[in-house]
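Chemist: First to last, the sequence lines map onto chains A and B. The opening position of the first sequence corresponds to residue 21 in my numbering, with each subsequent residue numbered one higher. The opening position of the second sequence corresponds to residue 149 in my numbering, with each subsequent residue numbered one higher.
No wet-lab data here; the hints were simulated from the structure. Each hint should be verified, as a subset may be incorrect.
With a Cα cut of at most 27 Å, we get these calculated BS3-like pairs of lysine-lysine [stated by the list, open to error]:
#, chain 1, residue 1, chain 2, residue 2
1, B, Lys207, A, Lys23
2, B, Lys247, A, Lys90
3, A, Lys73, B, Lys151
4, A, Lys77, B, Lys247
5, B, Lys247, A, Lys23
6, A, Lys91, B, Lys207
7, B, Lys255, A, Lys23
8, A, Lys75, B, Lys151
9, B, Lys151, A, Lys77
10, B, Lys205, A, Lys23
11, A, Lys75, B, Lys255
12, A, Lys75, A, Lys23
Simulated restraints, written as ranges between beta carbons of each label pair [unchecked claim]:
#, chain 1, residue 1, chain 2, residue 2, range
13, A, Asp71, B, Pro260, 45 to 55 Å
14, B, Lys151, A, Lys23, 25 to 35 Å
15, B, Arg190, A, Ser100, 41 to 51 Å
16, B, Glu163, A, Gly83, 42 to 52 Å
17, B, Glu204, A, Glu116, 16 to 26 Å
18, B, Glu202, A, Val32, 38 to 48 Å
19, B, Ala227, A, Thr103, 21 to 31 Å
20, B, Pro230, A, Thr103, 17 to 27 Å
Here are some of the chain A residues that sit facing chain B, going by a computed Cβ distance under 8 Å [stated by the list, open to error]:
#, residue
21, Leu61
22, Gly62
23, Leu65
24, Gly78
25, Thr106
26, Leu110
27, Leu115
28, Gly117
29, Arg118
30, Phe123
31, Gly124
Here the structure is a predicted model, which means the values were calculated and not measured. From the three backbone atoms N, C-alpha and C, an ideal C-beta is built for every residue, glycine too.
Here is how the chains run, residue by residue.
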Amino acid sequence: DVKVTQSSRYLVKRTGEKVFLECVQDMDHENMFWYRQDPGLGLRLIYFSYDVKMKEKGDIPEGYSVSREKKERFSLILESASTNQTSMYLCASSLEGRDEQYFGPGTRLTVT
Amino acid sequence: SQKIEQNSEALNIQEGKTATLTCNYTNYSPAYLQWYRQDPGRGPVFLLLIRENEKEKRKERLKVTFDTTLKQSLFHITASQPADSATYLCALYSGGYQKVTFGTGTKLQVIP
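Let's have the full structure, built from the sequences with the hints guiding it.
Modeler: In structure tokens, the structure reads:
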């Protein structure tokens, strides 16, 4: 079974802090994704990566950056957290772009 | 602009009936369409994938249709059970290094 793990289920940070969200997948998938999910807005893609050290902007990349140094790990970085980044963050992976995505359990981030 | 529409209103049906959920899209030429289930506080779980040249796909009590002329997919759950209560998301993929785009989902409630 594919397993996607995220570093934290719940996280509380202060405005202005640098925040790291880590995601690890164990199935040698090429593609990895970071989404945020807010009520009424659905899943919105922040960044995705189709190979190590490659990254592509999604729909809402502002205020975020990513890092993929190893195939199995994809990190999301909030350089200076703001209250409007309070959300559920979901990581996913897929073998190829057209394939089904496997999601992690999510990190609920609160920025105060 | 590209748009994916799912019924934002919750769908309530009686146990044993067939639930039908709709996914409409505009300004899009998806090569693949996927359906996911999401339970509260959890990441989405993949259910079915249908290609643009397929009209229908089945898996146990689930059936998906894909009409590229109408720009619509229908997702059916036959003999619905209370355990089927969840939010169902459709997702479209256009090909190549394009991202997958998710709809906002429809919440299904199966009443015993």
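Chemist: It remains to establish, for every hint, whether it holds in the given structure.
Modeler: Results for each hint:
no., hint, verdict
1, B:Lys207 with A:Lys23, "23 Å, holds"
2, B:Lys247 with A:Lys90, "21 Å, holds"
3, A:Lys73 with B:Lys151, "30 Å, violated"
4, A:Lys77 with B:Lys247, "10 Å, holds"
5, B:Lys247 with A:Lys23, "21 Å, holds"
6, A:Lys91 with B:Lys207, "32 Å, violated"
7, B:Lys255 with A:Lys23, "26 Å, holds"
8, A:Lys75 with B:Lys151, "24 Å, holds"
9, B:Lys151 with A:Lys77, "19 Å, holds"
10, B:Lys205 with A:Lys23, "26 Å, holds"
11, A:Lys75 with B:Lys255, "32 Å, violated"
12, A:Lys75 with A:Lys23, "22 Å, holds"
13, A:Asp71 with B:Pro260: 45 to 55 Å, "48 Å, holds"
14, B:Lys151 with A:Lys23: 25 to 35 Å, "34 Å, holds"
15, B:Arg190 with A:Ser100: 41 to 51 Å, "29 Å, violated"
16, B:Glu163 with A:Gly83: 42 to 52 Å, "45 Å, holds"
17, B:Glu204 with A:Glu116: 16 to 26 Å, "23 Å, holds"
18, B:Glu202 with A:Val32: 38 to 48 Å, "46 Å, holds"
19, B:Ala227 with A:Thr103: 21 to 31 Å, "45 Å, violated"
20, B:Pro230 with A:Thr103: 17 to 27 Å, "37 Å, violated"
21, Leu61, "7 Å, holds"
22, Gly62, "4 Å, holds"
23, Leu65, "5 Å, holds"
24, Gly78, "6 Å, holds"
25, Thr106, "15 Å, violated"
26, Leu110, "5 Å, holds"
27, Leu115, "12 Å, violated"
28, Gly117, "6 Å, holds"
29, Arg118, "5 Å, holds"
30, Phe123, "3 Å, holds"
31, Gly124, "6 Å, holds"
Consistency with the previously given hints fails for numbers 3, 6, 11, 15, 19, 20, 25, 27, ordered from lowest to highest.
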